[in-house]
Structure formats: C-alpha cells, structure tokens
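Colleague: Letter by letter, the chains look like this.
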Amino acid sequence: MAYPYTHEKEVRVLSRGWGDPTTRTLEGWKALGGYEALAKALKMERTQVIEEVKSSGLRGRGGAGFPTGVKWSFMPKEKKGPHYLCCNADESEPGTFKDRELLRWTPHQVIEGCLIGAYAIQADHVYIYCRGEFFETTQILARAVEEAYEAGYIGKDILGSGHSIDVTVFAGAGAYICGEETALMNSLEGRRGLPRIKPPFPAAVGAFGQPTTINNVETLCAVPHIITNGGEWYRQWGTEKSSGTKLFCVSGHVRRPGNYELPLGFPMDELIYDVCGGFQDGRSLKAVIPGGSSVPILSAQECESCTLDYEGVVEAGSMLGCASVIIMDDTTNIVKQVRRMVDFYAHESCGQCTPCREGTQWLSRILVRIENGRGTEEDLDTLLELGEQMTGTTICVLSDSAAAPVASSIEKFRDDYLALIRRGEKVGAA
Amino acid sequence: MADTKTPQETITLTIDGQEVTVPKGTTLLQAAEVMGNRVPHYCYHPGLSAPAQCRLCLVEVEGAPKLQPSCVTAAQDGQVVHTESQKATAMRQGVLEFYLANHPLDCPICDQSGECKLQDYVHAEGRKHGRSREPKRVFGRDDFGGDVLFYGDRCVMCTRCVRFMNEKAQDPRLTVVERGNRSVIDTFFEEGLAGSPYAGNVVDICPVGALVSKDFLHKARAWDLDHTPSICPNCSQGCNIDLHVRDNRIQRLKPRANHEVNEFWMCDYGRHRYEWMNREDRLEIPTYKSGGEVRPADWGTVLKELSERLEDARPVQAVASPFASTEDLGALRRLVDALGGGDVVFRSPRAAEEIPLPGFEKLARRRDLAPNVRGAEIQGMERVGDDDGKGGLDDLSGHTGTLIVLGDELTDLGEDFGAQSSLFIYLGAHPTAGAHQADFHLPMTTFAEQEGTFINVEGRVQRFWPGVEATGAARPAWMILGALLNRIEGTEIPSVAADAFVATAGTTPELQGLSYADLGSRGAVINEPVALPGS
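Line by line, the protein sequences are chains A and B. Residues in the first sequence are numbered consecutively from 1, following the working numbering. Residues in the second sequence are numbered consecutively from 1, following the working numbering.
Just chain A, with the same shape it has in the complex (with noise of 0.2 Å):
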C-alpha cells in the first residue's frame, strides 16, 4: 500500500512520490521530471515566469491564501542589492503536517520551487527555515540540497544559465511565532523571534534589511508543476478563485485521518465521510476546525454544505487557513479541546504585545477554571470581552487566532460552557 493513506478522489500532484524512499534522492527526483521545470523556468523571462504563476491563481497555502504571483510581483524592479527568497517550512500550526511530508519525501521539490521562485524575484540567496523540531526532515532536506549542490542545480551559474543562487537550510529552535513572517526574518537574523512592525514589508525591507519574500513549502511546491504544464493546466482543478489541488491534513476522530491531496473546492462531507471513512460506529459530527487551530470553529450544520475552497469556507463562517481539518465527533469536549488550544497560543505568545501577553494567558486561566466546574455565566461574557481586546489590537495576529476559537465556540457550543458551569459536570465522553 502506498504511503500511509491514499484515495481515488485524490489529485497527486505534490504528493506524487510520497511514500517512496528514492523520490529523496536526486536521481529518483529526476525520474519523475524533477528540475526540468527549473531548467525551462532558467530559459523564461523572470517576468514571464511570474505571469504564468499569476495566471494559474496560485494561493498562497501557509494560511492566508494571497496570490503568490502578485506577491513576487511586489518585490522591487530594479535591484539595489540582495533580494533574499524565505521558504517557510516553520510548520506549526496545531493540526497541520504537510510542509512535513513535503520536506520528507521530495525535498527536490521543495528546493526546485524555491530555485525558480528565486529566480523570479532575482533572489540570490534562498533560505529554507525549518521548524527546530523537524530532525529528521531537516537532515533529509540537507542532503538533498547538497547534493543538488553537486549536481549544478544550485551554486554558481545554474544549468549554465549564468544565473547564481545559493540555498541555505536553517533550523529554528522551536518557536511556533517564528512562522509569523517577520519574527522568521528577525530569528534567521539571530535575533529573538518577535514579529516586526509593518510597514515596511518584507518586499521593501525583509531580511538583513533587504527585499525579501516569504513563501509557504507548499506554494513553493506547485510552482515546478505550473511552469512545466503551465498555469492553465493548474486551473483544472478547483474553483474559479480558488485554483488547483491542495493538501489537507486531516486529523481527529475519523478512520482514516492523513493527507490528502484534493482540488480545491471539495465537498467537506466527501472528504469527513468518503475519504476519512468517516466516524466510528455510532459516533457522529459535533465540530471541524477547517483551517488549523487558528480559526473560526464550524458546527457539524455548519459543515453540511460547505465546499473546501478559499472562498466556501469564509461563507460558511470560517476561514481555510493551511487547510488542517481537525475533526471531532460527538464525545468532543469543547470546552477542554479550545483550552489546549488557547494554552498553545499563552505558551507560544512571544510576549511583546500585551493585549496577547497576558491575554492569552488570561483566557487560559478562565477556561481552567470552567473545565474544572468553577466558572460562571459571566465568565463566558468576559471570555467574548477579553477575545474582541485581543483582536486587531497587536503587531501580529497569533492573538487574533487565540481569540477566534473562543468567540466561536462560546457562539456555537454554548451549552457545552454551560453545562461545565451548571453542573460541574463533564460534557462529551472525555
């Protein structure tokens, strides 16, 4: 069986390859076409390249989903002095493993969007900034570059292109903000890892003060894909807005949770029930968080009708974030699953701002004390007032994204906040 789950409905376009030990390598990379698109990318205008990437309607796939062609179109024209492409591979969000997978299984790939993204944005130094507790995968992801190194496809003079790009794989030590862009720029820096002030953006003044762009792996991935097939091809899938294939990690209650590679525009339904193989024998849907810890919680009516695409999820009253499905069935607990998370936030806070310093914190002590049966009504008034201080208030959005699931899920799953308070009683099989 191929790699750990897999599913007719899937588009394997990035996820080609997982699951087979010799797509790391160099040669097996290039069995399956690898560096061709580089090589074709190297013969385009840069100019060019970033045309055919606006014309496929990539997104951006690390959470904000911005077009990546209009993205590297805001770097500078003319080059004053180094431009620096960031591949963010500081993959942390809770619910979210497939930058991972990614990394494991075809680091050439990732390395081989990063070439043409930097040749794009006439880059000369691209750093891919691992998450410090990717081990294994940063060893991998090493070794590939090395050995791309070797072959010519990174270093001086490309493919006899004339062109230069170096790549650096930087290991983080273990900070969930330093995905933020800013905070990577200032920890690659040397620098703690705290987000900056925008403006300036990263475009005009990024990393060691230079033009810099930030792109998610994933981005990154589809890149070669649309330069060989070109951008129409890559709109065969998905919806008008939200083009192409992407990858969702789906975890939680169902049988089969993984990656799957699906167009964009999805049925939830399909992907709960079909793909997933749905939930255990007499258990049912209670609640998705459709896009990673960070965003708005759904109610199981809320998932009903809703498609995975950028746009289906906002109108189903969430966001699709880096498409990190955490589903939970009706033994859910709400109350203790959006404390772990608020705990993660109050842990992961870089302290900076203090609506989301002690706010974070904060709302963690109250959903403590809710949890263990010594809340109040007014507790859950002051949740919402704290949530809506912490919102749009700070330099960065982590404490937007500790507010979002509390607000939610006080709005949608009251009754579960109120029994805990009530009753003292435990809601859920727990």
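One or more of the hints may lead you astray.
Unchecked claim - Sample of chain A residues at the chain B side, in silico, Cβ under 7 Å:
id : residue
1  : 197
2  : 350
3  : 353
4  : 357
5  : 358
6  : 362
7  : 389
Calculated from the structure, these hints are not laboratory results. Built from N, CA and C at the ideal position, the CB exists for glycine as well.
Chain B: place on chain A using the hints.
Modeller: Same frame as chain A, but now just chain B:
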C-alpha cells in the same frame, strides 16, 4: 522630533477636531503632543527607538481598518485622527486591564507610587473594577547590580531599559528572557548592571516601579518631594537635573531633559553624589576676630568691620572654587580688582578620563569634577594644585597681604594656613581646619540653596534654582561680596541673582551680550564655546 535646523516640509492634520501643522515625518504621537495632548504610552520614549509593543498609544485614524500605533505611524497631510474616540478609549481601557491582570497592586510599598504611569493611566481611564479572578504570576525581586533593583511583578514589559542599555549605553547588559507571559527582564550572568556608568537611567525611564533605586528605596514618597530645576554639580558637563527635596534635604537627583546637553540622561557618578549638599556641619553665623577673640555678629556689623580693615591690607591674593556660581566668581573678581588687583587661583579635582555615553555623544562624565571650571577660567582665574584638588597653595601660605578664600574647603591644609596674612577672609559653607586662622568667617550658601549659573565644558551658561533653604544666616557669595563692594566702591548691591549676573557680564567679555533672560531653562553658549562631538 524632527530636525529643526533646516527648513522642512510641513503637513497639516486634524487631531481630536483640532488642526495641527507639524514637520513631515512627525509621528502621530508627537503631533498630538504638539497640541498638548499626551497619548498614553509605555514603550515609546523620545530618546529611544519605538517597538510599538505596549499597544497603549493606539489611536483611531479615519480610513484605517485598525487602530494605529501612534508612536510609529507617521502623520499624513489631511489625516483625521481621534485619540479620544470611543474605539480608542475602549481599547486603552482593555489594554490597561491586561496590564493589571498580573500586576501585584503593591502601590502602598512601591517607590514609584505617585509618579507611576500605570497608576496615572488606570486612574484616568481604567475600569473601576478589574475582572481578573485568577491567581497572579509571580516573579519576585531581583538585584540587577549597581544601584538597580528589579521587581518583576510590577514590570509592564515596555523594554525601555533593554533598549537604553542597547542603544544609549551600548552595553547590552539587559535582555528579555523567556516568552509570552513568562517573559521577564533579566541580566546576563551575575554581573548585571554593576559597573555600568549610566545604568541608573533605567530607573528613570521605567514607567512603573519595576526598576527602582536601592539608594532611594523606601526613602520618600514621590508626592512629598519638591522638584527644583538645577544643574548637576559633580562634573563640568552640566547635566540638567531636578533636585528632589523633602524636609529641606536633597533625597535624590533626577535628570531633566535638555537636548543640547544631556538629552534625558545623567551618569551614576553625578547621580549619587548629593549627600554633601545635606551636610549639617555648616557655617551659620558670620564671625570676625577682634583682639584674638572670635565674635559672632550680624551681617551689617561684620561687613562694616571688614570694609574698614580692607583699606590697609594689600596686596590681595585669592582662592576661588569651581563649585561656586558664575555670579560668585564674578563678584570675587570685581572685589579683587577693586582692591588693586591680584592673583586668583582655583583648584579642581580631575578624573583620569572622560566617561562618554556612546548613544549620545555630547554627554560624558567630564574630567573636571566641578561644575564651573569654565566660569572660573573666564574670570582669569588660574588652576593650581593636583588632580585631587589639593596642593598648589604653598605660595599663598606665606602671603602677608590680604587672603580671600571663596568656596575652597582647604581640606588638605592645617590650622596654620594663612597665619602670615594680615587679613584672611574665608567665605565658605562648612567649617574647616584650613580656615582656622581666618579673621572673617562668612557663611555662604551651597549651590542648592541659591540661584545662579554654571558654565559647562562647552561654554553653556545654565541656570539653577534654590531647592533647599539656606542654613542660618548664610547668603550667596555674590550678595556678600556685592554688599562689600557697595561699601568700597558705592556700586549697587545686587538683590537678585539676575542683577549679579548682569554685573558679572558687564565685566566679562565672554559673557557680553548675554542676558539672564536669554539663558532660559536650556542655557546659552558663551562667546567662545568649545565644539563637542555630536554637536
């Protein structure tokens, strides 16, 4: 604030319904300040970079989706800004509540109480009752070394102290350790701030009671202190300071902003040398010797006696002090000249080297450890003695004419000093063995008790004001000498320091053209200034 020397493009915006015109590049916070509207803030400090992390200075800008940090947002032409709108005040109230979530509220035992920005802001705009019922996080107290004590629980994490050490002292000894709610200011290893010559400033810029001075710990409540603008007397930099006084005693010195001299800072050397101003062994009553007997008397009697005896006791030699004011020194010069002229010398302690503040080049603890060396020099007074401010008076000990000592404490001299002189006049604040032979002991005020000016190393004439009341019958030397000159020459007795300054300026070329009013609170530079780095 933007450079004011070159003509600048200006922009006009509306803040809280009022139009204000400011130079381009001014931040919203500064623009609001121009109108006298102080937007609450912690992390922003005019002398440091702004990280925009306290989130207290957020204001509503029409057209912007979110509230904007006014400390880093540049004002734009035609912008409409609200600092007091419902949205902005609600947000501030929220942020203030977050600050109190873990704050110990130990105001009754906190030194900052009364001058605490957390107290002020919460009192002005905070919620009546906090909603936090959760246990508070506890860090406890930490000795940061030097004079600095750290109360982690009171900290608002504005990181001003860290940035001061990084940017101004350029001696990064403080940092933030840990993250999120566990983040706290800490030192590296055991050394801490000990030995860092400007570390005391972190106490001043701490907006709350997190960093406090060990020296001042539990000494006085902020609201009991009177603040008097003054000049640091401990070196020739002339840092602008405030004397903080309670019970007629100086309790501490705090820097006062002057962008031409010390920006917002002062060195620890100067800061911690104030106890001498509180010395209680003082000359209190004027005395004169008559028939080998020391007689206390009122000023009129003593000066009458003195002026009579001055008539036939020439030539004159004098010792001045660089701790005396420009007016005192000018009066001494005029007196010596009126008596037929003579040498005036002064002694000044000197340090081996300067101690600069790297982040503000104009400021250094200067070599001359006295405030008015320049003031003595422009009176043609000559420096003698060694770097301890001792010696150099051997020639004088055999002087047989009139000997006048003003301010110099003669600490290195014995009871026989001046025994040969026919008339020995001692003007000083404290009794000293060196003045044992003096025929006249005239009690003068210290700089802290009088008004006057010092001239700093650059040549900047700066005013200071009396912060404590004079002891006994002590008077400023310019007044004593002015009364004497009145008896000798019939010149008018100066009744206020301004008159004394005018009299001095009239006989001193370097001061000509300067009026007392010109000096203001920033000082003015004399006609032959010294160029300092960074100016």
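Colleague: Which earlier hints turn out false for this structure, listed by number in ascending order?
Modeller: none
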